[in-house]
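Visitor: Listed below, chain by chain, are the residues.
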Amino acid sequence: MATDNQDTSNLDSFKRRWEPRIERFRRSWDRFTEHKMGVIGLVILVVYAVWSIIPGVFAPHSLEWVAYLGEPPHNARLTGEQIRSLPHPPAFGDPFFAPLGTNQAGEGILTLVVHSASTAMYIGLAAGLLSSLVGVPLGLISGFYGDTWIDETIQRIVDVMYGLPFLPFLIVLVAVRGINTTNIIIGIAVTSWLNNCIVIRGETLSLRERSFVESAKVAGASDTRIMFRHIMPSVLPLSFVYLASDAAGAVIAQASLAYLGLADFTADSWGIMLQNIQAEGYVFDAWWWLIPPGLAITLLATAFYFVGFSMEDVTNPQRDS
Amino acid sequence: MTRISGTYLAKRIVVSYLTLLVIMSLLFVLLRSMPGSFIQGMITPGMTAEQIERIRQEWGLNEPLWKQYINFMVNYQTGNFGRSPTQNTEVWSLIVRRMPRTIVLFGSVFIVGFVIGPLVGMYLGWWRGSTKDKGIFSSSLFVYSMPAFWISWLFIWVFNYELDWLPSAFMFTQYPEFEWTAFTIMRDVLYHMALPMLSLTFIGWVGSMLVMRPTMNNVTDEGYVFLARAKGLSERTVMIKHAARNALIPVVTGAIVSLAFLIDGSVIVEQVFSWPGMGALIISAVLSRDFPTAQAAFFMIAVLVVVMRLLTDVVYTYLDPRIKFGENN
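In order, the protein sequences belong to chains A and B.
If you're matching positions, the first sequence starts at 1 in this note's numbering and goes up one per residue.
If you're matching positions, the second sequence starts at 322 in this note's numbering and goes up one per residue.
In short, the hints are calculated from the structure, not lab data.
All C-beta atoms, glycine included, are put in the ideal place defined by N, C-alpha and C.
Treat the hints with care, as some may be off.
Stated by the list, open to error - Here are the simulated SDA-like cross-link-like pairs (lysine to any residue), alpha carbons at most 20 Å apart as the crow flies:
1. Lys-455/B - Glu-34/A
2. Lys-332/B - Trp-149/A
3. Lys-455/B - Trp-29/A
4. Lys-455/B - Glu-312/A
5. Lys-388/B - Glu-374/B
As the list claims (entries may be wrong) - What follows is a list of derived Cβ distance ranges for each label pair:
6. Leu-554/B - Ile-22/A: 42 to 50 Å
7. Val-417/B - Gly-70/A: 54 to 62 Å
8. Asn-539/B - Thr-148/A: 43 to 51 Å
9. Ser-206/A - Gly-400/B: 40 to 48 Å
10. Gly-202/A - Ile-561/B: 21 to 29 Å
11. Val-57/A - Val-510/B: 48 to 56 Å
12. Leu-295/A - Gln-372/B: 37 to 45 Å
Isolated chain A (complex conformation) (with noise of 0.2 Å):
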């Protein structure tokens, strides 16, 4: 049991040990408020992560609902003059309140928009960390052991990887394991850690030549100590940079495998509503429903961009002319 006199003293050391890192952290967070390019990101990447956490709140309609009919239960059916009139263009009011919109099935656009935000959220997230995952750390050995067997092998195994073209070779993935978002995720991170480990790949090898790499291992750290404790502090900032684009990269695959059939389609994403405008075959006829997924694939990637650039400007502070 924790008396109260040890209980300070855990925080006096907490605060010691942590003040230095919130001081650093503020003022990365300061210069990277300084570019609206960042901040605009942010804001787009939160207002979507609340759509996929509470979407009930922010869609005018439960995933249900149908236009002319409403929200379950439905005791009527569809006339055909009202079938006719789907997919419907933005109307106010009676019959229907539907402020994107409806497609041919009568659901509401932005329900569906505000309700795909989680799918997006997901694909985008988990595939740029899992290519983090696999490729920082490839990286780092790769540039720590550079011009050795083992960095040979590692940059010939990107080589072969490079060679197989990215959204074929996705697709072919998919179709072996099996179309779900699961392994949708872990084919786009196959394919897209190679980037993030050339690049990782190049900053340790500068970094390995510095005076305080130098001095760890006279101090007689192990390898893998000064890999991971020492330069990879330095390129971590990196590779955030990269796992963002990763995640834009990701965001944008998954609509492209869609639009090619190869989705998920038990769940709701931007990428599934584009396919089905094309499968209904209503891309020219109804531009409520072409616009809105689209843009919010679009806007979610460049949220992503944005963060990610930003990064790059906090870690690498360049000349302001």
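Fit chain B to the given chain A structure using the hints.
Guide: Positioned in the frame of chain A, the structure of chain B alone reads:
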């Protein structure tokens, strides 16, 4: 003047070749692990077991896996890609017909993108942090984030559907009395190429800009830029003649990355515009389980990428005298 040693070059070529062999093996495993078999389309319900057996025999599916693998590796290196089960022609002739179409479209996108991208990147990197930079940079990232097929749809919607200026599908005008002379063919292809090219370049140039901008920013601190300024040269001359030339070097290697991007773009955009190129071939082959064709198409892309990677390393040494390969080996 040769900065690249012969032994290094020989070693790189051997390694590239081995890389290709590994890619081929990977392709063999991957495509065979896909569910379904490419002869399924040829088997009709009324067939007897014997007939099915004969088809399997004909396509070499009864041989042990290792033998199929050896055959595949040997055949590919002698240029024998086999027959396509769905198209019923030689795969090689399919690829020979498709490859130039993709090269025409994506070659031009590549070239135009590589003029615009580095130029914009040069200006943005030189005046990094200015309002101009912030505005153009963030809007280019926005453009870069658009799904390729979606932006193609928007372009088709505006330029074909609403304005009816440009055709949105195929490579040639499809009417019988078309006069097939070299000039009309060229004009016709260019006319059909305009819209897909516009959609692809709209997104595609950003890739090389993203590489150019930071490298351009890095060279602004170099001594030779100071020297050029001190000589009283105009800002414009310093930027273009002294800084940009050196900042361009990483962009050349970056070309490989954007080449991969173009191949991905080709898959989607060729589908949208019914452009009869390699991307469309790959997708239809994979989706219809036409493994011989898919394999060959993958193989051709792999060869292209491996050769280009080798080339960039060689070109690199000529562009930057400071880089020397094969010194410490």
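Visitor: Against this structure, judge whether each hint is valid.
Guide: Results for each hint:
Of the supplied pair hints, the one linking Lys-455/B and Glu-34/A holds, its CA atoms being roughly 12 Å apart against a limit of 20 Å. For the hint linking Lys-332/B to Trp-149/A, the alpha-carbon distance of about 14 Å falls within 20 Å, and the restraint holds. For a cut-off of 20 Å, the pair hint linking Lys-455/B to Trp-29/A stands: about 19 Å separates their Cα positions. Between Lys-455/B and Glu-312/A the alpha-carbon distance is near 14 Å, which keeps this suggested pair within the 20 Å criterion.
Among the hinted pairs, Lys-388/B with Glu-374/B is consistent with the structure: their alpha-carbon atoms are about 18 Å apart, no more than 20 Å. The supplied range of 42 to 50 Å is met by Leu-554/B and Ile-22/A, whose beta-carbon atoms lie about 48 Å from each other. For Val-417/B and Gly-70/A, the Cβ-Cβ distance of about 59 Å falls inside the hinted range of 54 to 62 Å, so the restraint holds. Distance hint check: the CB atoms of Asn-539/B and Thr-148/A are about 28 Å apart, inconsistent with the given range 43 to 51 Å.
Ser-206/A and Gly-400/B have their C-beta atoms about 44 Å apart, which keeps the hinted 40 to 48 Å range intact. Taking 21 to 29 Å as the suggested C-beta distance range, the pair Gly-202/A and Ile-561/B conforms, at roughly 27 Å. In this structure the hint that Val-57/A and Val-510/B lie 48 to 56 Å apart at CB holds, the actual value being about 53 Å. Against the hinted window of 37 to 45 Å, the Cβ-Cβ separation of Leu-295/A and Gln-372/B comes to about 54 Å, which falls outside the hint.
Hint compliance for this structure: hints 8 and 12 are broken, all remaining hints hold.
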